Amino acid sequence: MGNRTMRGEVAIIGVGETTYYKRGRSPDPEFKLVIEAILKASADAGIDPREIDGFASYSNDRNDPSRIAAALDIKDLRFSNMEWGGGGGGGSAACAHAASAVATGLADTVVVFRGLAQGQFGRFGQGARVPHVRGDQAYTAPYGLMSPAQSFAMRIHRLYEDHGITQDTLKACSLASYHHAQNNPRAVMYGRPLTPEDYDASRWIVEPFHLFDCCQENDGAAAMIFVSADRAKDYAKTPVYFLGGAVGSGNRAGSGSHNATDYATSNFKTVAPRMYDMAQVKPEEVDVAQVYENFTGGVVMSIIEHGLTTYEEANEFITFENLTAPNGKMPINTSGGNLAECYMHGLELNIEAVRQVRGESCNQVDDVNVSLVASGPMVTPVSDMIVGSEAVL
Amino acid sequence: MANPGAYYLGEGMPAPAPAIDGLDTEYWEAVKRHELLVQNCNTCDRPQFGPEWNCHRCHSFDLGWKPVEGNGRIYSWERVWHPVHPALQDSCPYLVVLVELPNHENVRMVGNLVGDPMQTVEIGAEVQPVFEDHEGSDEVDPFTLVHWEVVE
Ligand SMILES: [Zn+2]
Chain A
1 MGNRTMRGEV AIIGVGETTY YKRGRSPDPE FKLVIEAILK ASADAGIDPR
51 EIDGFASYSN DRNDPSRIAA ALDIKDLRFS NMEWGGGGGG GSAACAHAAS
101 AVATGLADTV VVFRGLAQGQ FGRFGQGARV PHVRGDQAYT APYGLMSPAQ
151 SFAMRIHRLY EDHGITQDTL KACSLASYHH AQNNPRAVMY GRPLTPEDYD
201 ASRWIVEPFH LFDCCQENDG AAAMIFVSAD RAKDYAKTPV YFLGGAVGSG
251 NRAGSGSHNA TDYATSNFKT VAPRMYDMAQ VKPEEVDVAQ VYENFTGGVV
301 MSIIEHGLTT YEEANEFITF ENLTAPNGKM PINTSGGNLA ECYMHGLELN
351 IEAVRQVRGE SCNQVDDVNV SLVASGPMVT PVSDMIVGSE AVL
Chain B
394 MANPGAYYLG EGMPAPAPAI DGLDTEYWEA VKRHELLVQN CNTCDRPQFG
444 PEWNCHRCHS FDLGWKPVEG NGRIYSWERV WHPVHPALQD SCPYLVVLVE
494 LPNHENVRMV GNLVGDPMQT VEIGAEVQPV FEDHEGSDEV DPFTLVHWEV
544 VE
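Those protein sequence lines, which keep their order, are chains A and B.
If you're matching positions, the first sequence starts at 1 in our numbering and goes up one per residue.
If you're matching positions, the second sequence starts at 394 in our numbering and goes up one per residue.
Just chain B, with the same shape it has in the complex (with noise of 0.2 Å):
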């Protein structure tokens, strides 16, 4: 078992932190909450993503969220097998997925695909989040990451 511990990839990886300028609060809010959001507009209701300060469809700076609905599907993966970083030392093999949200015009998220990591990964295959909640620690608050698993 590459992942022995309780999160997909060992402990100390850099942990995701808002924006200083407040860009993704709401995002990284939600996901705590186990709701996954996407940016969009509320002026030509278009998702994106990642947030940014204007639409990049209509530059409108009128940006809401919107809970992402339905599932996601697998654009592109790949498998790590160097660790680049200490705490990935006992992690390799691992997934990194680029999910596709259908219902939101195909914009896509990264995370990983839980489960076998050398389990087959079929492009198109249909995937549903999985929240992991993360303690924190004297440097970092608690933070969640968005994992996707494959719906049989």
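Just chain A, same shape as in the assembly (with noise of 0.2 Å):
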């Protein structure tokens, strides 16, 4: 990519949430939520919020961020962007936009940020009651193929078949996450422990996908703020350098009637080569990944994508005891991820990403200097970020 990099130049300095709440349980609407979030994200870096500047977001936010810079008293919108695809394969598609305006000059001060109310608005995991469906869902919704798992679980068996890799796997993600939620007070599922039996016990969804290899749903809001690296230290924490991001999918992803060139895949294997080439980042130098769990399959297929293992070893490899901290080999979604912290859009696993590399985390990894989000598989687009400590700069 010759020289057109954004390695090093911004960093994050604030990170914030709401309380995360099960589905339908805020008290709060979910605009007001937004601005909670991003005003904790300030008072985390210690920045006045009508420095804000810019925002970032994705999968269709409500929160136009126009109402939100009157809100916060802004004097000078310059950034107001959407990344497109549902799901929240757009995460860290938002916070590589975030860090373009920012390291290109368009925006010094930029926000990205995630609000979800479920039980203001409607729900993710229903299928959809009209009487008629038409263009791609007529080809799928009359079958039952209507919901996030229905759509997903297909590749997974195909997985299975290609590549002998086994249910273990997800179950093995599924209790990582909950493990790790069980040290982090701000997760949905802490206090609530998840056994081997009670995976093993639990009731299908959709083969093969038991209840708890799927995310939860749930409402609060996150934000994070980003500023070109120079300023970074003015502010009240540590900085963590934003080293690389990439956004897409490979050929034919979205063609209709489940069409995609490669199938069984989480649609990482262009959009992680990107990623580290920027970051200038080999897969074994990571170490802690935030892997986005919309269901655990897609877990698995990412690991694997990333290079953090490979088809032939990932069997052996994706262990509870590799993906748990503080001591396996590659451990995962350490705030709880979206199965057990919260189903915050995957805008969680960036901010734990940041707290990894700051020494903040409930489950911290020793000597993080390399922290990796791999966010929203098997959706098109899907999108990686990479953040780092000072000393890999």
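Hint data in this document are derived by calculation from the structure and do not stem from the laboratory.
As the structure is a computational prediction, the values presented were derived from the model and not from experiment.
A hint or two may mislead.
When the alpha-carbon atoms are kept at most 20 Å apart in a straight line, the in silico SDA-like pairs for lysine to any residue are as follows [what the hints assert, rightly or not]:
id, chain 1, residue 1, chain 2, residue 2
1, A, Lys32, A, Asp48
2, B, Lys425, A, Val133
3, B, Lys425, B, Phe536
4, B, Lys425, B, Val533
5, A, Lys282, A, Gly307
6, B, Lys425, A, Pro131
7, A, Lys269, A, Thr309
8, A, Lys32, A, Asp64
9, B, Lys459, A, Ser257
10, B, Lys425, A, His132
11, B, Lys425, A, Arg134
12, B, Lys425, A, Asp136
13, A, Lys233, A, Arg355
14, A, Lys237, A, Gly8
15, A, Lys233, A, Glu9
16, B, Lys459, B, Pro522
17, A, Lys40, A, Thr19
18, A, Lys237, A, Glu51
19, B, Lys425, A, Gln137
20, A, Lys329, A, Asp366
21, B, Lys459, B, Pro495
22, A, Lys282, A, Glu313
23, B, Lys425, A, Gly135
24, B, Lys459, B, Phe524
Reassemble the complex: the two chains are provided individually, in unrelated frames, and hints are given to aid placement.
The structure is reproduced here in structure tokens:
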């Protein structure tokens, strides 16, 4: 890519989130949650929120940056950005957009945010109550293929067929997230541990996904603040540097009726190498990874497609011991992730990646210098972010 | 028996309707005659599915339809246990299959696999289409779904 890179030019100075709630339990409306998260991220950074001049979000977030800018008394709105695509595939994309806006001078202080109050609005995990479906949906919904879980389950059976991956890998991902949540008072599943027996006994949602392979649905909001590296040390916390980002998906990933050229994929095969290139990081240098769990089968494919293991070694590598902090070979989802901290559409994963570099995690891994986030497996587009300490610049 | 009604899934599921822009009217009309079509490019003679306005290979706008030749093959499958729609309340478990068409460059179609929902599903198994006609209602025009059954 020549010298076209943002590596080390931008830093994250503040992160914040509201209380995380079970779906429909937020006492506050979604917009109020978003403002609260941005104020908390500002307080974390020690920055006046009036200095914010840009916003990035994803997944058709309903909270319009112009309304937020008015609410925060911002003098000059300079960047207002939305990544296309549903699900959490845009989480790290929004971070990359924020970083690129700062790196190129479009804006100086950009907030990435996501707010969800599903009691106030609709749910994700339900089929549409409509008499007709047209277009792509006409070829799936009448056959009872309607929800996200149903849309992705067949990829995992094909993964098993093509590579001999076993259900135990999905189980390991689920147990790791729940285990980490037990040390995280923010987590919705704090105080609700999951045993291997609980997993095995849980009902099927759609084979091969048990109940505990599926993310929660939650209410809350989260926010992160990006500024240029040369200002980053002016604030309260140790800066965490943006090393690399990438967005996208492979050939015909968006084709209808499940006709993607490569089917049994998390959609990271072309994205992860671009992220590593920009970050100048090798997979074996990743200290800790936050890997978006819509469904655990997507986590397994993401781990493989980021080069953290191989198809051949996945069954031996993807175990509870290896996936858990502090001593696992590749701790993942150390806040509890979408399964057990909160389904903040994955932005809680980006925040946790920052906390790991700061040394502030509830499940801290030793000496974290390189911290990876993989957002939204199996949707299109997906996105990646890698952040690191000053030591790796 | 999970599906006591005349249809594989419960009544009241969203019905397929042709796209407003007319893209796939021919497909949905053909299945009502129990003919299964796949879109095919008149310029490069390659198939594609789902239907689109241009050929994804050669970018030609000159697209037509071909009758599907021969049987399909199960590419993947899932067994659904949790009803996400009120019409599915008495339909679980049910089987969804992704079927590839070997005579059409392995383009894929989604349908239900008829028969015992607890049957062992083998990836690679040969399947043939089964047409399920729906009468329609005040709200919905008559339509036909395309299911699959294992060829013994
Ligand atoms: Zn063509």
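(message) Next pair to validate is Lys425 of chain B with Val533 of chain B; report whether the Cα-Cα distance is within 20 Å.
(response) holds (14 Å)
(request) Measure nothing beyond the straight line between the CA atoms of Lys425 of chain B and Val133 of chain A; if it is 20 Å or shorter, mark the hint as holding. (result) Between Lys425 of chain B and Val133 of chain A the Cα gap is close to 17 Å, so the pair holds against 20 Å.
(request) Decide if the proposed pair is consistent with the structure: Lys459 of chain B and Ser257 of chain A, CA atoms, cutoff 20 Å inclusive. (result) holds (17 Å)
(request) Would you mind confirming whether the straight-line C-alpha gap from Lys32 of chain A to Asp48 of chain A stays at or under 20 Å? (result) holds (18 Å)
(request) Assess, step by step, whether the Cα of Lys329 of chain A is no farther than 20 Å from the Cα of Asp366 of chain A, and give holds or violated. (result) Judged against 20 Å, a Cα distance of about 12 Å means the pair holds.
(message) Checking one constraint from the list: CA of Lys459 of chain B to CA of Phe524 of chain B, max 20 Å. Satisfied?
(response) holds (17 Å)
(request) Could you grab the alpha-carbon distance between Lys425 of chain B and His132 of chain A and see if it respects the 20 Å cut-off? (result) holds (16 Å)
(message) Checking one constraint from the list: CA of Lys269 of chain A to CA of Thr309 of chain A, max 20 Å. Satisfied?
(response) Judged against 20 Å, a Cα distance of about 13 Å means the pair holds.
(request) Mind checking the alpha carbons of Lys425 of chain B and Asp136 of chain A for me, to see if they're no more than 20 Å apart? (result) holds (19 Å)
(request) Would you mind confirming whether the straight-line C-alpha gap from Lys237 of chain A to Glu51 of chain A stays at or under 20 Å? (result) holds (17 Å)
(message) Tell me if the straight-line CA distance from Lys237 of chain A to Gly8 of chain A falls inside 20 Å.
(response) holds (17 Å)
(request) For the pair supplied as a hint, Lys425 of chain B and Arg134 of chain A, confirm whether the alpha-carbon distance does not exceed 20 Å. (result) holds (16 Å)
In this structure, none of the earlier numbered hints is contradicted; all agree with it.
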